[in-house]
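Trainee: Residue strings, one per chain:
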Amino acid sequence: MQRITEHPLDINTLLADTENDTCGAYVVFGGIVRNHHQGRGVAGMRYTAYGPMAERVLEELEQETCERFGVAECRIVHRIGELGIGEASVLVAVRSAHRGDAFQAGQYAIDTLKERLPVWKEDFYTDGSSGYQGGTPLATSDAAGDSGREGSHE
Amino acid sequence: MQRITEHPLDINTLLADTENDTCGAYVVFGGIVRNHHQGRGVAGMRYTAYGPMAERVLEELEQETCERFGVAECRIVHRIGELGIGEASVLVAVRSAHRGDAFQAGQYAIDTLKERLPVWKEDFYTDGSSGYQGGTPLATSDAAGDSGREGSHE
Amino acid sequence: MLDVEFYGVLQQLAGTRTLQIEVHDDAPTVEQVLERLRGDVPALSDHLPRVACAQGEHLVRRGDRVDPARPLVLLPPVSGGSHPLPAEAC
Amino acid sequence: MLDVEFYGVLQQLAGTRTLQIEVHDDAPTVEQVLERLRGDVPALSDHLPRVACAQGEHLVRRGDRVDPARPLVLLPPVSGGSHPLPAEAC
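Protein chains in written order, with our numbering: chain A, 1340 to 1493; chain B, 1340 to 1493; chain C, 1398 to 1487; chain D, 1398 to 1487.
By construction, these hints were calculated from the structure, which means they are not laboratory data. There may be inaccurate statements among the hints.
To be verified - So the derived list for chain B, only partly shown, Cβ under 7 Å to chain C, looks like this:
1. Gly1370
2. Ile1371
3. Asn1374
4. Pro1391
5. Ile1419
6. Ile1424
7. Ser1428
8. Thr1451
9. Leu1452
10. Phe1463
11. Thr1475
12. Pro1476
13. Leu1477
14. Thr1479
15. Asp1481
16. Gly1484
Cβ coordinates follow ideal geometry from the N, Cα and C atoms, glycine included.
Using the sequences and the accompanying hints, generate a full structural model.
Mentor: Set out below in structure tokens:
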């Protein structure tokens, strides 16, 4: 599976890709399109990515997560294009010998993804309007490391 | 799905059973039969449960997990009978508005299951021997709360 | 007579899933039943401190009275999930 | 000439995905290109402090020299995963 893909994300594929008989635990995180955001009804959304960098960022994050938490397997996929309510925008799968490591590693992977992955989301609201969401400045911007996120742009 | 079942556990069923459009995150934990235990090769295992109490314990743990962490959905299933390497013995699914809650709630559910659920595992080793595994004394035993687990019985 | 049911390693040690034991009191305490078992099935005695007891869906404490109409269920330390060692393991 | 590519909200603000800008230096710094953009596309200027830049697979810093043979890519704050607010949210 490509890490950045326009196709629906499949948890079974992710688990098959990470099968490992030495592992007693897996943790899968799924990020799902919700029907509301900051009090407004959401009808759907569109994700775009800067592809050349996004694939590399996810591959490196998988390796970093495995090394940092001593887990055997980590696989991350992120969807782009238009998504409806209830669809998965991101899946993270971690497999490890012990469950505590798997939970920590899974949380690290999704937390870090949100700081590093060049992906942007545009909300389509139920009132017909749309807007790019604010987010986290990447590491080389002047604002990198600022505590506040910027607001939505509409 | 019954919470205690002899049938293979299905992550898709668990996710379908917990679908909730208000949730932006899910975490699924899977406990998997490993091919080794304390340095010995494992060929498979058998789980048995005290059924009348086990169903109730899981149902209460789901409710407790939702209330304690403010998560919208929690569903736990545990398999009994004979399992081969790589098969899931337990699945925990949590869905919540925010990801941090989902990770914490999932870990709490599996940690607490291991202290409360009347289920026992018997290992079948690759050398032909077998043995019940040690475990955690339940709350009303004299030894409840002792820090050490007992060893394996073979 | 009272039915006693064994689970997990206790089945192996007792060599049976159930046992009928004679009780003289109408409603003995859990502790009294366990004391009686200690004599009847010596192989269990090392394990009894780590054993919890249940009737139906609920755990009963050592001092609780046993309802002789229902089985007293003996539950050794539990090991659900996946492999439990070391302490952190699943 | 240097190709500049916009992503996310920057596309909307610039009204285009790519822009060609004239550069007088053979290899200007990222900062110099952004300064030039600030003049050419005033709608972007409030956003530039939070913009990161890349060439190919890698981020480049403000003081780095730009390779004029490849596009300079402008990346606004990222919002992968699911909804990000409050800070803890996914």
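Trainee: Against the structure, test the hints numbered earlier, and report the numbers of the ones violated in rising order.
Mentor: Violated hints: 3, 5, 6, 8, 10 and 16; rest satisfied.
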